[in-house]
Amino acid sequence: MRMNKSWVFGWLVPGLGALAVAGGLLVWQWPSGEPETTHAESDTARIDEVRTTADLVDIRAVRDGAGGLQVTLHIAEGWHVNANPASLDFLIPTEITASADNPLPLQIDYPPGRWIDSGLGEPWAVYDDGTSLRAALPGNIPDQPLNVAVRVQACHDEGRCLPPDTLQARFNVRGSP
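The sequence shown runs contiguously to residue 1245 in the numbering used here.
No wet-lab data here; the hints were simulated from the structure.
There could be a bad hint or two in this list.
Per label pair, the in silico range of CB-to-CB distance [unchecked claim]:
id, residue 1, residue 2, range
1, Gly1189, Pro1153, 14 to 24 Å
2, Gly1227, Leu1084, 47 to 57 Å
3, Asp1157, Arg1182, 29 to 39 Å
4, Asn1240, Phe1158, 29 to 39 Å
5, Pro1180, Thr1234, 18 to 28 Å
For glycine and all other residues, C-beta sits at the position ideal for the given N, C-alpha and C.
Could you put together the complete structure from these sequences and hints?
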């Protein structure tokens, strides 16, 4: 059986060449055993893994030296919560409430916060990790632990905000600061 030269050089050789190139490209794009991510990609992955504000923010309530209440915000790196008052209408401000048997009237000293560029044309005030909020307690507090609730909305420094959560802590009024 005789092979036709035109068929070999016209179809077979170019076809084998195309298969070799396609195989080379496939091997070149095959994923390695270790994933490579840039810093920005790893931040995005962390942002997407977070589901609630409570995953990122914790509070600690103690009696301060003046007999009042001090609430310290512990916020994950790269995140913040909105200051009080909130800078924009759609943001949820940080708010403290306390109760024993009934809600207690508090005089709260909300600090001004740090101003950031919102990317929306207006800056807004936020609280960062370690921010302390102070409240004066009324004089007629029952001698029992108080429930302290802090409503916060966590936002990533790159602009993604999560739904707000209310975080709870117990506060011993008669304890030492």
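Here is what the structure says about each hint:
Between Gly1189 and Pro1153 the CB atoms are about 19 Å apart, so this pair conforms to the stated range of 14 to 24 Å. At roughly 52 Å, the beta-carbon separation of Gly1227 and Leu1084 lies within the given 47 to 57 Å, and the hint holds. Judged by the Cβ atoms, the range 29 to 39 Å given for Asp1157 and Arg1182 is violated: they are separated by roughly 20 Å. Separated by about 37 Å at the C-beta atoms, Asn1240 and Phe1158 satisfy the suggested range of 29 to 39 Å.
In this structure the supplied range 18 to 28 Å holds for Pro1180 paired with Thr1234, their Cβ-Cβ distance being about 23 Å.
In this structure, the one hint that does not hold is number 3.
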